[in-house]
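Visitor: Assemble the whole structure, with the sequences as input and the hints as a guide.
4 protein chains.
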Amino acid sequence: MSTHKTLNIALIGAGRIGSFHAESIARRIPNAKLIAVADPAPGAARRLADRLGCETAHTDPAALWRDPDVHAVLIATPARFHTPLAEAAAEAGKHVFCEKPMALTLAEADRVIAAARANGVQLQVGFNRRWDRAFADGRAAIDAGRIGTPQLLRSLTRDPGPWGGDPAKVPLWTIFYETLIHDFDTLLWLNPGARPVEVTAIADALVRPDAKAAGHIDTAVVTIRFDNGAIAVAEANFSALYGYDIRGEVFGSAGMVTMGDVRTSSLRVFDAQGVSASTFRMDTLHFPDAYTAQIQHFTDSVLQGRPHAGPGGADARAALAVALGCIASIQQNRAVRLSDVTQG
Amino acid sequence: MSTHKTLNIALIGAGRIGSFHAESIARRIPNAKLIAVADPAPGAARRLADRLGCETAHTDPAALWRDPDVHAVLIATPARFHTPLAEAAAEAGKHVFCEKPMALTLAEADRVIAAARANGVQLQVGFNRRWDRAFADGRAAIDAGRIGTPQLLRSLTRDPGPWGGDPAKVPLWTIFYETLIHDFDTLLWLNPGARPVEVTAIADALVRPDAKAAGHIDTAVVTIRFDNGAIAVAEANFSALYGYDIRGEVFGSAGMVTMGDVRTSSLRVFDAQGVSASTFRMDTLHFPDAYTAQIQHFTDSVLQGRPHAGPGGADARAALAVALGCIASIQQNRAVRLSDVTQG
Amino acid sequence: MSTHKTLNIALIGAGRIGSFHAESIARRIPNAKLIAVADPAPGAARRLADRLGCETAHTDPAALWRDPDVHAVLIATPARFHTPLAEAAAEAGKHVFCEKPMALTLAEADRVIAAARANGVQLQVGFNRRWDRAFADGRAAIDAGRIGTPQLLRSLTRDPGPWGGDPAKVPLWTIFYETLIHDFDTLLWLNPGARPVEVTAIADALVRPDAKAAGHIDTAVVTIRFDNGAIAVAEANFSALYGYDIRGEVFGSAGMVTMGDVRTSSLRVFDAQGVSASTFRMDTLHFPDAYTAQIQHFTDSVLQGRPHAGPGGADARAALAVALGCIASIQQNRAVRLSDVTQG
Amino acid sequence: MSTHKTLNIALIGAGRIGSFHAESIARRIPNAKLIAVADPAPGAARRLADRLGCETAHTDPAALWRDPDVHAVLIATPARFHTPLAEAAAEAGKHVFCEKPMALTLAEADRVIAAARANGVQLQVGFNRRWDRAFADGRAAIDAGRIGTPQLLRSLTRDPGPWGGDPAKVPLWTIFYETLIHDFDTLLWLNPGARPVEVTAIADALVRPDAKAAGHIDTAVVTIRFDNGAIAVAEANFSALYGYDIRGEVFGSAGMVTMGDVRTSSLRVFDAQGVSASTFRMDTLHFPDAYTAQIQHFTDSVLQGRPHAGPGGADARAALAVALGCIASIQQNRAVRLSDVTQG
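Protein chains in written order, with UniProt numbering: chain A, 1 to 344; chain B, 1 to 344; chain C, 1 to 344; chain D, 1 to 344.
Hints may contain errors.
[To be verified] Below, in silico cross-link-like pairs of lysine to aspartate or glutamate (EDC-like), each with a Cα-Cα straight-line distance of 20 Å or less:
#1 33/C with 69/C
#2 5/D with 50/B
#3 169/A with 210/A
#4 33/C with 23/C
#5 212/B with 166/B
#6 5/D with 23/B
#7 33/B with 23/D
#8 5/C with 55/A
#9 5/A with 55/C
#10 33/D with 50/D
#11 33/D with 178/B
#12 5/B with 50/D
#13 5/B with 55/D
#14 33/D with 210/D
#15 5/D with 55/B
#16 5/B with 300/D
#17 33/A with 210/A
#18 212/B with 178/B
#19 212/D with 227/D
#20 5/D with 204/D
#21 5/A with 23/C
#22 33/A with 23/C
#23 212/B with 227/C
#24 33/C with 227/A
#25 212/D with 227/A
#26 5/A with 50/C
#27 212/A with 227/D
#28 5/C with 50/A
#29 169/D with 204/D
#30 33/B with 55/B
#31 212/A with 143/A
#32 212/C with 166/C
#33 212/C with 227/B
#34 5/C with 23/A
#35 169/C with 198/C
#36 5/B with 67/B
[Said to hold, decoys possible] What follows is a set of in silico ranges between Cβ atoms, one per label pair, in the way DEER data are often shown:
#37 337/A with 15/D: 41 to 49 Å
#38 144/B with 60/C: 51 to 59 Å
#39 197/C with 144/B: 38 to 46 Å
#40 333/B with 273/A: 34 to 42 Å
In case anyone wonders, no lab produced these hints; they're calculated from the structure. Glycine included, every Cβ here is placed at the ideal spot set by N, Cα and C.
Guide: The following block contains the structure:
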């Protein structure tokens, strides 16, 4: 049990999703306080801190390690900085909420997990989909035995289009490390007790075929075999013109659950063209409650001194192993056993 | 038990819905045969008969009464001819399938019912909505007690627009006699065992306000109180730009059933404007199976010599009483007790 | 423009909905602060205040009038106290957010409106349905002309059952004053620019027929005619066993909008019995965002010194007039012109 | 242009689906006549013929080749007899409607195609899904450019469970030859102009794991790469406890279409457990119109002497190539290029 009634959280990374998390901490989570913002870009931390009534801003996140008022950090930097920051924060005794992916190699993942354990801090990862009501209730239905043993699973992520990114700025294998990592976690989580054993990945640059020669990938389909026999399909694409499409499906020996709806509300408009509904265009608008709920849970868990029940370091590592298997599958153009990946 | 294996049915009235029924008899009902067509319009019966490979055509339906090969008639003329034709057919010993409304006064309804009874012929009425799968299963759910006692009911009919009719050619009170009569039957049928006791009607010319002064009505809302306490709302409009909209809802002490969907299929199209589906534009396309099923049932019942289980003369009379109550309600601008209507 | 950056709001009435609002103020609205709670029940205000970290609690709301730190009050007492409290608060210079119904007579409504105007304070009413995304977008679609001129409207409220209330404790006509008042506001708001001219109400005790003789009413159907020809139906029942059912529908000359869905999420469970979804059981769970959004808007408007764009005193008065028309309609068993009600 | 007004069709194979087709010919297709039934099982042809009022029954289908009154045959035998029967029928100058799969090897498929061409007869294959309204309209939307270029496709078949078959009687690779062949045709047809280039299959016995050692397969997931970059997933399982689940999805550069709904009608039942709908349990109940429409089209095409617009020999061969690729993929545990299959 913490002696604090409010959790002081510092944000690292004042970009789009970091700013959204900062707002959640400052405004939507009663027992959390945004105590500092750190970002190396000149002025970025300051501007965000000012906007949210937070006094402290840093360009160097290391300043946070020495600040005894900082109880926890939320890491929302570009992916390649996640591991060193998470590790340093844990070593400084700060609880860590880390955006996905927590690490880009299994060795990195192991370092973060070890640091958290050694320093007795909580480590939670931003797999927000688990906190969406439909997904959470779907998992509960599976746990309750309503669909029997999972046999066929599906999880997909389609980012809202048209995609206006610069292929040259997309890090290699981002679709696996940063996009499909959500689907891998979802699929593992929705097949409780089972372990993935083999993956096969197909990937292409269909949104920007001109960038394919340079290694750009924006579309992928992955099949995963589990040790309970289940077969899962994960699918991603960077440019869904109709919106931000996140769906899950688990078919089992006794039934099926489906989750996810791209429609913004129950409004239907009927006119001479037929019936229509509008669609979600942004991730944070699609899952606002899930984004907040995960940080609320982290906050409550730390304050109450009990282990959080959300995705942790081991989950991040397991999803990463699937992503690494996908990359190996593409490089070797064959199915890859995850034991080969994890045993390096 | 009939001695026939095929029921010879003659159609009276070769208009749009009559032609559709003729096609059903000729092509979609294996044990029925279209044996003759009658229509006073020069050439109309002949053209339809030729198109469907039927030999006999008449301009005078009375020719059918004398034809021993005619086992049954389907009456699909303008409404004002239904009663005399149904009565004459019954007196000639022909089984009668009569389009709604079977009669325009209670005295007329009584005459048809009496004629059918006196001559031992079957009398079924074209309340096709009862044969739609959703509505039929809804009634079955009510019968099974799944929603408890009905308390609030709704039935609506919105014809596909834009309405291009000529208000001057619409008979007075058509919206009650010919359109809402469907909803009245549906509401009475979905509240089994209960009797309507009072109606209040509101009506207007909202599609063609210019024709209101001439007595034209194209929009109506009706409330009906039943002797089991239930309150029903029926609603009609001549011009739904999005299609042919037929829906029903029954709320009871233990739950609710809803029925009806204007969408043509499960196809959904997702694009930059959102999600859309196309809608039904014609009654016979919306309920093709229901239109056929009612005649199939009539055919089977007559051939097997057992009373049909569809809507009959008493149902037609009960729905008509509600329509007459609506007309009185509008003329007197007050709620009207149906006992005042039925006791004349 | 207010000189404050945070709006200090005092809650009056620490019951179920008052407690929920207090939580919203304390936790979900960043620029609002719960500064005091008042409730005459011994200890009630104190317990709620303690739970939410609020220092000040009163048994007499009049203590708030003298407190210069109180910028605004949120009135969530039993309905009969709304008017005197709102009037007194306004006269004390406090901005007022008043739960529905703001008043039980037109004279009372006028007093509150006059007090707010005379004292230059904002007056917003808790018609939360306007703030639900589906309803708000539906109104926007109407404003954009997507369905043409409204012709047929429907709004319904079915409270989640089984209803376990004590009929003896339900004030007379509560179904109109407190339940259907929401639907009346919704219908008036969804038919912009039009005015209701006549109402007819039917009401009964179908949930608790044993209490009918004592004047209890738990089920009602109301028809409203507007000066633009539109006809609306409002419907309420206290005991929907399947959940908290709020829906709206507006049919116009060019199309239709429908709003409201009792299902809790996009989760669907498919098993040997078919397909199923779970349903909402509580108002504050169904519309959490709408409940918060209305207070957020009130807070922002007051702080920014601009008139709020939500429902105000005139809207509360207009919905009340319909409710009063319903009561007169039942007492006189006829349609009632609203001009007769408003001109008393 | 045929000189006949009615097409005389003989059925070969009086099993479940054959009997359904016979009924369609006899009763649901006005310009077709069931002229004969052939089935080697003693009495089977006779019983079906009698039931449908058809005079002629054979135990040897060869009797049909010599009958000049037989214009066409519908082949609905076990799959291994399709090719020899189709070939013989074509050589006898009979038009051929052949259930899927038309052949089990590419050489067989070529023989049937060649026989039909050489003898100037029509050859249509029973890929009924193309005739379902949702799928047909989906293809039309793709043709109209509404979703741009297809990038990700999905087609699935889940047979209604519990599966009560005998694994020992299921021919090897049936899931590819007979079940997924539908999905392969659907995917090729929904990606018009593109050609499949590579397939990877995963298969297992999840419904009956006890039969896996004997080679039984009841679950499969297949990925297909097309020459336009599109990636498709086909999926099948023999035992969906919730019903007969057929769905399709095509995601393209400008949008998406989805097709298929396991729910039987628009009826929804709301009760204390939530909202529910019932589901389809049989293929012929799910797609009755599609089953009839394909034979109606075949009949009309033959009678009018114009090539049918449905799936023909080349389509059957293309879908078969994918099935053969799947089998090779499983045997070799790798992705298989279809050029390797087709160039054998």
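Visitor: Against this structure, judge whether each hint is valid.
Guide: A quick look at each hint next to the structure:
Between residue 33/C and residue 69/C the CA atoms are separated by roughly 11 Å; this keeps the pair inside 20 Å, and the hint holds. A distance of roughly 14 Å separates the Cα atoms of residue 5/D and residue 50/B; the hinted pair therefore holds under the 20 Å criterion. Taken as a hint, the residue 169/A and residue 210/A pair is honoured in the structure, with Cα atoms around 14 Å apart against an allowance of 20 Å. With a C-alpha separation of about 10 Å, the suggested pairing of residue 33/C with residue 23/C holds against the 20 Å cut-off.
A distance of roughly 12 Å separates the Cα atoms of residue 212/B and residue 166/B; the hinted pair therefore holds under the 20 Å criterion. Distance check on the hinted pair: residue 5/D and residue 23/B sit about 17 Å apart at the alpha-carbon level, within 20 Å; holds. The straight-line distance between the Cα atoms of residue 33/B and residue 23/D is roughly 17 Å, inside the 20 Å bound, and the hint therefore holds. For the hint linking residue 5/C to residue 55/A, the alpha-carbon distance of about 16 Å falls within 20 Å, and the restraint holds.
The hinted pair formed by residue 5/A and residue 55/C meets the criterion: a straight-line CA distance of about 16 Å does not exceed 20 Å. Note on residue 33/D and residue 50/D: the hinted pairing holds, with a Cα-Cα distance of about 14 Å set against a maximum of 20 Å. Taken as a hint, the residue 33/D and residue 178/B pair is broken in the structure, with Cα atoms around 39 Å apart against an allowance of 20 Å. Pair hint residue 5/B plus residue 50/D holds up; C-alpha atoms about 14 Å apart against a cutoff of 20 Å.
Proximity of residue 5/B to residue 55/D is assessed by CA-CA distance (about 16 Å); at most 20 Å being required, the pair is judged to hold. Proximity of residue 33/D to residue 210/D is assessed by CA-CA distance (about 46 Å); at most 20 Å being required, the pair is judged violated. As the CA atoms of residue 5/D and residue 55/B are separated by approximately 16 Å, the hinted pair is consistent with the 20 Å bound. Of the pairs offered as hints, the one joining residue 5/B and residue 300/D is violated, with about 28 Å between alpha carbons and a cut-off of 20 Å exceeded.
At most 20 Å may separate the alpha-carbon atoms for a hinted pair to count; residue 33/A and residue 210/A exceed this at roughly 46 Å. Only pairs whose Cα atoms come within 20 Å are accepted, and residue 212/B paired with residue 178/B is accepted, the gap being roughly 19 Å. Distance check on the hinted pair: residue 212/D and residue 227/D sit about 34 Å apart at the alpha-carbon level, beyond 20 Å; violated. Distance check on the hinted pair: residue 5/D and residue 204/D sit about 50 Å apart at the alpha-carbon level, beyond 20 Å; violated.
Simply put, residue 5/A and residue 23/C have alpha-carbon atoms about 17 Å apart, close enough for the 20 Å limit, and the pair holds. About 17 Å separates the Cα atoms of residue 33/A and residue 23/C, which keeps this hinted pair within 20 Å; it holds. The straight-line distance between the Cα atoms of residue 212/B and residue 227/C is roughly 15 Å, inside the 20 Å bound, and the hint therefore holds. A C-alpha spacing of about 53 Å is found between residue 33/C and residue 227/A, which places the hinted pair above 20 Å, so the restraint is violated.
Taking the CA atoms of residue 212/D and residue 227/A, the gap is near 15 Å; set against the 20 Å cutoff, the hint holds. For the given pair, residue 5/A sits about 14 Å from residue 50/C by alpha-carbon distance, which is consistent with the 20 Å threshold. With a C-alpha separation of about 15 Å, the suggested pair residue 212/A and residue 227/D falls inside the 20 Å cut-off, and the hint holds. For the hint pairing residue 5/C with residue 50/A, the CA-to-CA distance comes to about 14 Å; that is within 20 Å, so the pair holds.
As the CA atoms of residue 169/D and residue 204/D are separated by approximately 17 Å, the hinted pair is consistent with the 20 Å bound. Proposed proximity of residue 33/B and residue 55/B is supported: the alpha carbons are some 11 Å apart, at most 20 Å. Between residue 212/A and residue 143/A, the direct Cα distance comes to roughly 42 Å. Violation of the 20 Å bound is thereby established for this hinted pair. Proposed proximity of residue 212/C and residue 166/C is supported: the alpha carbons are some 12 Å apart, at most 20 Å.
Straight-line distance between C-alpha atoms of residue 212/C and residue 227/B comes to about 15 Å, which keeps the hinted pair within the 20 Å bound. Pair hint residue 5/C plus residue 23/A holds up; C-alpha atoms about 17 Å apart against a cutoff of 20 Å. Pair hint residue 169/C plus residue 198/C does not hold up; C-alpha atoms about 30 Å apart against a cutoff of 20 Å. For a cut-off of 20 Å, the pair hint linking residue 5/B to residue 67/B stands: about 18 Å separates their Cα positions.
As the Cβ distance of residue 337/A to residue 15/D is approximately 43 Å, the hint placing it in 41 to 49 Å holds. Here the CB-CB span from residue 144/B to residue 60/C is close to 56 Å, well matched to the stated 51 to 59 Å. A C-beta distance of roughly 43 Å is found between residue 197/C and residue 144/B, which places it inside the suggested range of 38 to 46 Å. At about 40 Å, the beta-carbon gap between residue 333/B and residue 273/A stays in the expected band of 34 to 42 Å.
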